[in-house]
Amino acid sequence: MSFVSLNFFILITIALPLYYSIKRSMLGTKLLFMILNGIFFLSFAQSLKSILPLLVFLACGYIGTLILKKFPNTLLMWLLILFYVFSFLYLKRYVFLDFIPIWESSFLVIGISYMLFRIVQLNIDVRFNTIEGDVSLLDYFNFTCFFLCIASGPIQRYQDFEDQQKAQLEYQLDEKEVFDAFSRIITGYLKVVFIAGFFSSDIHQLGYAINIMDIQRSPFLTLGWYLFSVTSITFYVYFNFSGYMDIVIGLGKLFCFKLPENFNEPFRSKNYIEFWARWHITLGLWLKTYVFNTILKVLISRWGSKTATPYLAVIAFFVCFFLMGLWHGATSIFFLYALFQGFGVSGNKLYQVNMDKYFGKSRYKKLKENVFYDFICRGATFSYLAISMTCLWGTFGDLLTLFGDSVYSIMGNLFLGFFVLTLISSILMFMFEMVLKWMLLLSSPFEKIIDTLLFRNTYLGAKFYFLAYCLLINVGAPPAFVYQEF
Amino acid sequence: MAERNEVVKKLEGVFQDVFDDDDLQIQDSTTADDIDEWDSLMHVTLVISIEKSFGLTINASEVAEFENVGGMIDLIVRKLNS
Numbered sequence: 011m012s013f014v015s016l017n018f019f020i021l022i023t024i025a026l027p028l029y030y031s032i033k034r035s036m037l038g039t040k041l042l043f044m045i046l047n048g049i050f051f052l053s054f055a056q057s058l059k060s061i062l063p064l065l066v067f068l069a070c071g072y073i074g075t076l077i078l079k080k081f082p083n084t085l086l087m088w089l090l091i092l093f094y095v096f097s098f099l100y101l102k103r104y105v106f107l108d109f110i111p112i113w114e115s116s117f118l119v120i121g122i123s124y125m126l127f128r129i130v131q132l133n134i135d136v137r138f139n140t141i142e143g144d145v146s147l148l149d150y151f152n153f154t155c156f157f158l159c160i161a162s163g164p165i166q167r168y169q170d171f172e173d174q175q176k177a178q179l180e181y182q183l184d185e186k187e188v189f190d191a192f193s194r195i196i197t198g199y200l201k202v203v204f205i206a207g208f209f210s211s212d213i214h215q216l217g218y219a220i221n222i223m224d225i226q227r228s229p230f231l232t233l234g235w236y237l238f239s240v241t242s243i244t245f246y247v248y249f250n251f252s253g254y255m256d257i258v259i260g261l262g263k264l265f266c267f268k269l270p271e272n273f274n275e276p277f278r279s280k281n282y283i284e285f286w287a288r289w290h291i292t293l294g295l296w297l298k299t300y301v302f303n304t305i306l307k308v309l310i311s312r313w314g315s316k317t318a319t320p321y322l323a324v325i326a327f328f329v330c331f332f333l334m335g336l337w338h339g340a341t342s343i344f345f346l347y348a349l350f351q352g353f354g355v356s357g358n359k360l361y362q363v364n365m366d367k368y369f370g371k372s373r374y375k376k377l378k379e380n381v382f383y384d385f386i387c388r389g390a391t392f393s394y395l396a397i398s399m400t401c402l403w404g405t406f407g408d409l410l411t412l413f414g415d416s417v418y419s420i421m422g423n424l425f426l427g428f429f430v431l432t433l434i435s436s437i438l439m440f441m442f443e444m445v446l447k448w449m450l451l452l453s454s455p456f457e458k459i460i461d462t463l464l465f466r467n468t469y470l471g472a473k474f475y476f477l478a479y480c481l482l483i484n485v486g487a488p489p490a491f492v493y494q495e496f
Numbered sequence: 003m004a005e006r007n008e009v010v011k012k013l014e015g016v017f018q019d020v021f022d023d024d025d026l027q028i029q030d031s032t033t034a035d036d037i038d039e040w041d042s043l044m045h046v047t048l049v050i051s052i053e054k055s056f057g058l059t060i061n062a063s064e065v066a067e068f069e070n071v072g073g074m075i076d077l078i079v080r081k082l083n084s
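Residue numbers (this note's numbering), protein chains in the order written: chain A, 11 to 496; chain B, 3 to 84.
Where hints are given, some of them may not hold.
Said to hold, decoys possible - No farther apart than 35 Å at their CA atoms in a straight line, the calculated lysine-lysine pairs in the DSBU-like style are these:
| no. | chain 1 | residue 1 | chain 2 | residue 2 |
| --- | --- | --- | --- | --- |
| 1 | B | K11 | A | K316 |
| 2 | A | K473 | A | K40 |
| 3 | B | K54 | A | K80 |
| 4 | A | K473 | B | K81 |
| 5 | A | K176 | A | K263 |
| 6 | A | K316 | B | K54 |
| 7 | A | K371 | B | K54 |
| 8 | A | K316 | B | K12 |
| 9 | B | K81 | A | K79 |
What the hints assert, rightly or not - Each pair of labels, with its calculated beta carbon distance range:
| no. | chain 1 | residue 1 | chain 2 | residue 2 | range |
| --- | --- | --- | --- | --- | --- |
| 10 | B | Q27 | A | L52 | 53 to 63 Å |
| 11 | B | Q29 | A | E185 | 31 to 41 Å |
| 12 | B | Q29 | A | L148 | 38 to 48 Å |
| 13 | A | K375 | B | Q29 | 18 to 28 Å |
| 14 | B | Q29 | A | K59 | 58 to 68 Å |
| 15 | B | D22 | A | K102 | 44 to 54 Å |
Unchecked claim - Some chain A residues near chain B, calculated using beta-carbon distances under 8 Å:
| no. | residue |
| --- | --- |
| 16 | I134 |
| 17 | D135 |
| 18 | F138 |
| 19 | L297 |
| 20 | Y300 |
| 21 | T304 |
| 22 | S311 |
| 23 | P320 |
| 24 | Y321 |
| 25 | A323 |
Honestly, the hints are just simulated from the structure, not real lab data. We put the beta carbon where it would ideally sit given N, CA and C, even for glycine.
Please build the complete structure, drawing on both the sequences and the hints.
Structural data, given as structure tokens:
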């Protein structure tokens, strides 16, 4: 069931009045969410057989949680985590596990990546007694399969999810919050249907750059189209995913759930480490909490010293973001994507450590405050991300077709592309910030009008009609949510 | 029974040592935004120093729950008294 489908609209239309009629009962709301989660989950299944592996995966997660509650042992916890990760890799059909036979060719893996994060977190925190009380099967199912978050997050900790389940009982939405929730949902749909839809058109795809290369045989034109494609792909992923988050967070608000934000103006990031703290925030936080901190703690405890510690962080960053890259996909191109992410973040840390060392902390700080340096850094961050996105949409074959059949030629073109795109995006970002500044300045006298009920309702109505128009002219398959595939 | 005041005093020493600043003073409301050097790397270094100084273990989820120094102090007091 897609969020852009009529079925989902009907489900929400029925669920909301039901929710408000039983809102005061904890068991009632939990049961309602269980039904909603079940309907949403089962809507993806083609047959009972096709959902069996995922159900077994979920059941194993729950059995593991119960075992760790009874026997809180660290070795046991690690063995269970290894088992979950192996099961995940097997069910997602990672290429290096191809040699293990599978009994069914098409089965459901919807949300398994996000379930893995939730189950691992639950097991770690149960082992270390950070979760008070027992975890019931109902709570476990609602946590791992919450219909708003099952497909693409945001990733919440069990404790936070439970706190919100309790808090929503007493929470009363006011008029402004309801308005903001609807406004955000409509903005989300507009981002997914209109903006992301625009960036997913054929002309923006890598295939178009390949066609240009076939017809023109001009390396500069090919590189230009390639950069145009990867920039479009980056915007497509951003608007699709952040639009999805707007819908999820807006709907969550209507169900009195304050779901965590997943984006915070990522294209304003001045470096790649900052970028991952602003893009897919809950994934970054999860990795920081359970992977980065754990690795770094072990490394510092063994080899930590004032000089060595920053370099140990470089290693921890690499491992953490390499794993994050691998998590994105099962084919061999994702290995390259993982290397991109690992080297991007760890290289960024290494750069910072060396700049600190050679320039001195205060001079480096001053340099970072320089506007020219600031925008070059923003441009470089965007450019690196956009080029790494090639791996999500292309294949090794595409890169060979575009840039010749030698590794040197591919690397040379990617480096050249990185510098060109850095320069262009730095300039465009600077111009964008200037325009934004002027717009804010010009709109300041009208602040009072903008804040009136009439203006806000007119704006919401306009967005709604524009969305309806976009949906009417785009009568076909609803746009897919890109992160659902990861 | 560990007193909160004693924990605060000892923790201030840990902060001064980790951030290499003898004048550094901490308050319950102090967060990573208030100390220039306090990034994810220093956070882990700080946790390890706290573990060593107070002789306790802080797990991954507890590290994530530190919203400010006050939260850190409460956790240390709770752990020492349990």
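Okay, the hints, checked on the actual structure:
| no. | hint | result |
| --- | --- | --- |
| 1 | B:K11 with A:K316 | 23 Å, holds |
| 2 | A:K473 with A:K40 | 34 Å, holds |
| 3 | B:K54 with A:K80 | 29 Å, holds |
| 4 | A:K473 with B:K81 | 52 Å, violated |
| 5 | A:K176 with A:K263 | 14 Å, holds |
| 6 | A:K316 with B:K54 | 16 Å, holds |
| 7 | A:K371 with B:K54 | 28 Å, holds |
| 8 | A:K316 with B:K12 | 21 Å, holds |
| 9 | B:K81 with A:K79 | 20 Å, holds |
| 10 | B:Q27 with A:L52: 53 to 63 Å | 57 Å, holds |
| 11 | B:Q29 with A:E185: 31 to 41 Å | 38 Å, holds |
| 12 | B:Q29 with A:L148: 38 to 48 Å | 42 Å, holds |
| 13 | A:K375 with B:Q29: 18 to 28 Å | 24 Å, holds |
| 14 | B:Q29 with A:K59: 58 to 68 Å | 60 Å, holds |
| 15 | B:D22 with A:K102: 44 to 54 Å | 46 Å, holds |
| 16 | I134 | 6 Å, holds |
| 17 | D135 | 5 Å, holds |
| 18 | F138 | 4 Å, holds |
| 19 | L297 | 11 Å, violated |
| 20 | Y300 | 5 Å, holds |
| 21 | T304 | 6 Å, holds |
| 22 | S311 | 6 Å, holds |
| 23 | P320 | 7 Å, holds |
| 24 | Y321 | 10 Å, violated |
| 25 | A323 | 4 Å, holds |
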